[in-house]
Amino acid sequence: MTPVKPYGDTLNDGAVQLSFTLPVAWSEAADEAARQLAGKMGFTDVAVVEGRAIASNFSFFVVYARTPASIDVSAVHAPAAVRETLSIEQVDELIAKRVGRALKVVGACIGTDAHTVGIDAILNMKGYRGDYGLERYRGFEVFNLGSQIAVEDLVRFARERGADAILASQVVTQKGSDVANFTALAELLEAENAREDVLLIAGGPRMTNLLAAELGYDAGFGRGTLPGEVATFIARRAAERASA
Amino acid sequence: MTPVKPYGDTLNDGAVQLSFTLPVAWSEAADEAARQLAGKMGFTDVAVVEGRAIASNFSFFVVYARTPASIDVSAVHAPAAVRETLSIEQVDELIAKRVGRALKVVGACIGTDAHTVGIDAILNMKGYRGDYGLERYRGFEVFNLGSQIAVEDLVRFARERGADAILASQVVTQKGSDVANFTALAELLEAENAREDVLLIAGGPRMTNLLAAELGYDAGFGRGTLPGEVATFIARRAAERASA
Amino acid sequence: MELRIDRGAVDRARRLAGAIVDPVAGFIARHSTVSVERAVVRLLGVEGAGADGVPLANRLVDALPDRALGAAAALGAAIAETGRPPATIAEAVAAGEPLPDPSATPLTALRAALRPYADAALARIGARRRERDALLARLPQGEPPLLYVIVASGNIYEDRTAAVAAAEAGAQIVAVIRSTAQSLLDYVPHGATTEGFGGTYATQENFRIMRAALDEVSERLGRYVMLTNYASGLCMPEIAAMAAVERLDMLLNDSMYGILFRDINMQRTFVDQHFSRRINARSGIVINTGEDNYLTTADAVEQAPAVLASQFVNEAFALRAGLPPEQIGLGDAFEIDPRLEDGFLFQLAQAQLARQIFAGAPLKYMPPTKHMTGDIFKGHLIDAMFNLTSVMTHQTIHLCGMLTEAIHTPFVGDRALALDNARYVMTTARNLGEEIELKPGGKIERRAREVLDGAVRILERVAERGLTGAIEDGTFADVKRAREGGRGYEGVFEKHPAYWNPLDEALAPAAAGA
Amino acid sequence: MELRIDRGAVDRARRLAGAIVDPVAGFIARHSTVSVERAVVRLLGVEGAGADGVPLANRLVDALPDRALGAAAALGAAIAETGRPPATIAEAVAAGEPLPDPSATPLTALRAALRPYADAALARIGARRRERDALLARLPQGEPPLLYVIVASGNIYEDRTAAVAAAEAGAQIVAVIRSTAQSLLDYVPHGATTEGFGGTYATQENFRIMRAALDEVSERLGRYVMLTNYASGLCMPEIAAMAAVERLDMLLNDSMYGILFRDINMQRTFVDQHFSRRINARSGIVINTGEDNYLTTADAVEQAPAVLASQFVNEAFALRAGLPPEQIGLGDAFEIDPRLEDGFLFQLAQAQLARQIFAGAPLKYMPPTKHMTGDIFKGHLIDAMFNLTSVMTHQTIHLCGMLTEAIHTPFVGDRALALDNARYVMTTARNLGEEIELKPGGKIERRAREVLDGAVRILERVAERGLTGAIEDGTFADVKRAREGGRGYEGVFEKHPAYWNPLDEALAPAAAGA
Ligand code: B12
Ligand code: B12
Ligand SMILES: Cc1ncc(COP(=O)(O)O)c(C=O)c1O
Ligand SMILES: Cc1ncc(COP(=O)(O)O)c(C=O)c1O
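Residue numbers (my numbering), protein chains in the order written: chain A, 255 to 498; chain B, 255 to 498; chain C, 31 to 544; chain D, 31 to 544.
Any given hint could be a false lead.
Claimed, not checked - If you only want the chain C side, here are some residues facing chain D, beta carbon under 10 Å, derived:
#	residue
1	Val-84
2	Ile-366
3	Lys-408
4	Leu-411
5	Asn-417
6	Thr-457
Just so you know, these hints were derived from the structure itself, not from any lab. Note that beta-carbon positions come from the ideal geometry of N, C-alpha and C, so glycine has one too.
Next comes chain A alone, as it looks inside the complex (with noise of 0.2 Å):
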């Protein structure tokens, strides 16, 4: 496939919409500058078409240009971590046949943030969008510790249940604390040499496979996740273990 650019209404017209505030009071200069600032960004055939003042100092604008970048979209690798889900029958049949027993899954809502619904969405019985959470799996043993907990904590509860697979959910992103609580509880398995005994597995809105590799995990799940996907990813690789 060759590179596409942004469509308009014609093929790679390049049509990009931004809006941004300035820190300035509004004036015709401040959107000329506006538009300046958009040709510094590399964008061309700039029209703010909206500027105004939102504040004494501070003005708004919305600006339609076109944008030069273009990219291969199949050039591009970000692999799902799971391709297709399997049902709960085929993933309790694969993790009993290969297995032979149910895997321990710790999840938890690490550092400060509390947003539990998401990893919840995931654990609970109840699960999400009408898929049934990890709860409900014969072959999982579901330990859900909730919001704020202390990686420290985490792995503490997680080796001494001997968990197979370790969930870790982080909604907050603000100021990177995310990636600083994920990269701190890989560090943390790391450190203790107990990062091969576990799957260890991010989530969370901003989360996707691609960065969760980055950090060190076997896998990420981000915005919309269904269980039955993570259910899938933790049976298979699990199997994939027992066999090698």
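With chain A's structure known, arrange chains B, C and D with the ligands on it following the hints.
Showing chains B, C and D with the ligands alone in chain A's frame:
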């Protein structure tokens, strides 16, 4: 003043919002492609906060990111055509005193453009947003030729009447039709050595005083122009010429 | 949610509208126009264009020895003489061959010669209509408000891509906006076009390309996606004819738009709109009238009565051309200044009023445009309130507003956001209209009464002065148009006693029933 | 727009709420907590923190020889002994000096010694309140729904910039969101802070910085802009005390939030919320309760009755602490799934129900958050429907939803767009609520009845089981909390018969009238 960057919630954080469509089927890879594409545009801390299929072969993205670009607004020169606007009385008096006769103003929506609301707002008695139009001034004799006027006809008419000012409007800007028509008008006047005889004024939602200058016009007026601003500009310039 | 409205005033308005258009009927009956004749010629099978791009239909009609007798007569004579089909005859004419003088051929002979082609034309229209009915039965299009979007890239192939994407995103109707002022062309361009300003030329080939693409996606989605274009300007009858055979589903088709907003001669328009509507009636095409245009240049609150008055006039003209109510898509628009306190209440009043007065009509509701600005975020909200009004008042044809209305003709992404907007609002507030009642004597009802009374007053003035006179006086949209002024007047002519138009006869309201 | 609601059911619900909270009153009367004592100490003039950053109030209370007697007694004794003011005494204690055993000093003497400081405290609170009244009279804040926005950069100086910009953009109330889980700190941080996650620490200095900035802009704009923070978590009374003297106008202050959503011990919370509310009553601060939290974790349609039940309980607790209805800002939120057909009708039903049941209360309406996604365009529309509900049902305190809710704490531009959104919708549909009526027995009324009946059933269950027991059983928000479990339990203690708290006495509902 020092250069400023877009402002999200912290000075110079460079926060910008973008949205665009890519002509590809949606997939995790498409999200990643959008992220990389924003990177190629020169943005950092790219977050693809929304990515979804809007059709079988189109994906829509909302992105937040930071730009390294900055601009010194105080160094941007974009003088509006008019600083402070004069009242009707002041304009009429200025013309009476300095020119001694009513100024002939010819307006038209040129080319195939039929968007007369804008030029009418400037010329008609009624005016715009409570500000009376040029017909209301004793100092102007207004000829509003209306919509879809070929530049040849406009120039012929203006010359026959010995117009002091030509007001051209372009609202349709698709495929640069506005710039093309404005240029044609300016060139025709040059060709007929009539450029010096008139004040040439351009207007329309995308017009700026700066762009008008580039196109060889004496002034340009854009979004939300009030008739009084235009009247003030014409009167001042005519007065200067008269006394020159 | 029902308004208590003065039925007496409504009946009076309808009677006045009738009184206004009936006098024009006589004039229409006595006259024809070059585009009526070109439409006839096209229906009889003359389609292409000459090497110079001039449509054969124009060549043929321009070559008529005596247009007052009608093109059918001349063609009939030529067929009788040469045995050649109309298409071939047209090519010959384009090549310079003269047409025979019909009066040379016995009436019975030339009529008999033409009859099979006229029958074929009617059969073709009927077949296309049945085809649509079958598709709609098999691929139901879904509930109203029907989501209608426009494509306007100027390039029919980009338009096709955009139309298919829009259909996949939920559009139920796709309209191809015409290139700037095609209204003013006294011919219909030929072939597939890739250049246009602010829209794409309406050509028969472009119709085919879009219809085929939409039929394909309709099958894929399991719902019939409708196609709309413009039978407006100087070629109303021809476009109606082309639309009939290419199975378009809707046409913008107004009895006065051309006169008021395109300075097209009023006599030309009256005759053209009538014949074009006879064709639409037969082809089952729903017309969309252009009342929204009254609001783009003047204040929407002031103009509301004018819009309603125009709806009555459009309805009267349409009924007399044989269009049943369910094919009369009367227009209205959401154009009140968003800064006006309680402006939304006024919009509700006006939309509900039209809904109750024209109960059987598939109302066409147009989105906010004039007050849309570069602030796309604000614009998206104004569109949401428009969507809410539409679902609350049960509008039928819902033209989705674009958040970029003030900026550019829609991008593919803009259309998707517009459809999301409509879907969200119309789902979360689906039955709001059923679950509330309007306070009797409240702001909304009082506004509705005000608009209706205002419309009656306008219609009274027009009835008294006569329609042509009223237009000369600038009663509509503050524009004055002279009876013999405006574009296309030279194309209007009085019929000769021997004038013959087999299609007009076949499509006459009386016959239409058959 | 009025719902016909079963007044009997409403009265029954109120009686049940009373029956639920009254038994707790006895417990509250018999107990105090470390944060109640710290609040007393702060009001008596102990403000700063030691070099180690530990607040002097904590140092002092931790150093009490016998906390069961109350901090006032010990301070009184120390003053009587040393003649030094409370602030100096606290510094000495922080430096290691022990506090005298109050029982060594005659009651009359220590009380007399403390009295001037207690009176000064009350005088200060009264003065700040009169100051607010005067400002509101001179700089009217404008009509409800009052537009409320949050700032949450983590840096008080950025917050100040944002708050001033928001005020200029039309905000009538600005809330500084607290840094993640400040609720869990058993002390109030000291000084101006520039670091925080998801919010900015609530400190007395931060309160001052914001109040000064907002007072300045209020004068400039000619309308008083209110300031909000959180008296929530482990330091409810102290923050109420600080807010009283820094003239904050509103405080998030819920009788059960800490227990349910922050696992704070229930006894601690019951005692703390009561004293904090006595202070709020006196300082004229409007509380905002946190019912919105019930909807963030569970389905909004199911939880509606729980929200209403909680509103009744919060009201009952508040009234008993001396808060008049006009200071009880009961919370609710617009959290129904946007994909639900007629979800908007349900929102209307619930909002109008609360409006009619708590007629005298300045209802706090919270925006959609849970169903907001990265699609900011869609999100902006959901916020618009929320704005519409608010203006139709006359909510009082309107927390403006942000189109970027799912993405980041608000940017300065987001706030401006949110305010534009509210202003547009609330202007164009200003009187819609007055101009419509709800269909009797229709979807909306039926839904309202369902919610009210559900709330009564919950309250019956709770009344029967007792509040503490009900919480232990997980009746609220599906969380079970043990009577002696949770954070801060160690800070609760039974009062000694000789326990003395002059401020509590002065603020007692009976006295409050004075
Ligand atoms: C609900 C909510 C709350 C609730 C949380 C209740 C609870 N028990 O979870 C309450 C009210 C307590 C709350 C509080 C706060 N919140 Co909050 N909250 C939200 C909100 C509205 C929804 C989050 C949510 O539940 N989404 C629904 C779930 C299902 O989606 P999800 O989390 O993405 O999870 C899915 C995937 O990500 C994935 N996933 C997630 N985790 C994991 C883990 C694994 C292992 C896997 C495999 C998958 C996975 O699977 C899930 C299902 O698909 C968001 C805004 C928004 N609309 O997103 C703000 C938001 C997340 N909160 C925010 C903030 C700042 C706070 C506070 C810090 C505010 C304050 N100062 O008080 C507090 C502090 C809480 C704390 N200590 O962390 C910000 C975060 C900003 C940022 N980007 O950093 C947001 C974005 C709002 C905003 N714009 O300010 N919040
Ligand atoms: C009203 C309108 C129409 C009306 C015009 C009626 C009339 N007599 O003017 C009708 C319905 C006829 C119409 C038709 C079309 N329109 Co139109 N129309 C608009 C609309 C909704 C509003 C324009 C308007 O009146 N603005 C209000 C006035 C007061 O603002 P203004 O024009 O900017 O003028 C102000 C300033 O610019 C300045 N100014 C303007 N001119 C001048 C001149 C001088 C000398 C000075 C000093 C100042 C000045 O002063 C004015 C007062 O402040 C816009 C969308 C929008 N919201 O902007 C689309 C829009 C302009 N139309 C558009 C299109 C494509 C068309 C059509 C081509 C569509 C079609 N294929 O049929 C046709 C063809 C018309 C033609 N031949 O040009 C596009 C243009 C796209 C583009 N960027 O190129 C727009 C943006 C809509 C869209 N998104 O598709 N349109
Ligand atoms: C009835 C009708 N015809 C035609 C048009 C526009 O097409 P044109 O520019 O070709 O007149 C419109 C646009 O609003 C319309 O309402
Ligand atoms: C009553 C109440 N207190 C406190 C908070 C949040 O603050 P914290 O995270 O410090 O508990 C909320 C948030 O919704 C609340 O409703």
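These are the hints, each one checked on the structure:
1. Val-84: violated (47 Å)
2. Ile-366: holds (8 Å)
3. Lys-408: holds (6 Å)
4. Leu-411: OK, holds: C:Leu-411 within 10 Å of chain D, min 5 Å.
5. Asn-417: The hint holds - C:Asn-417 has a Cβ within 10 Å of chain D, the shortest such distance being about 9 Å.
6. Thr-457: holds (5 Å)
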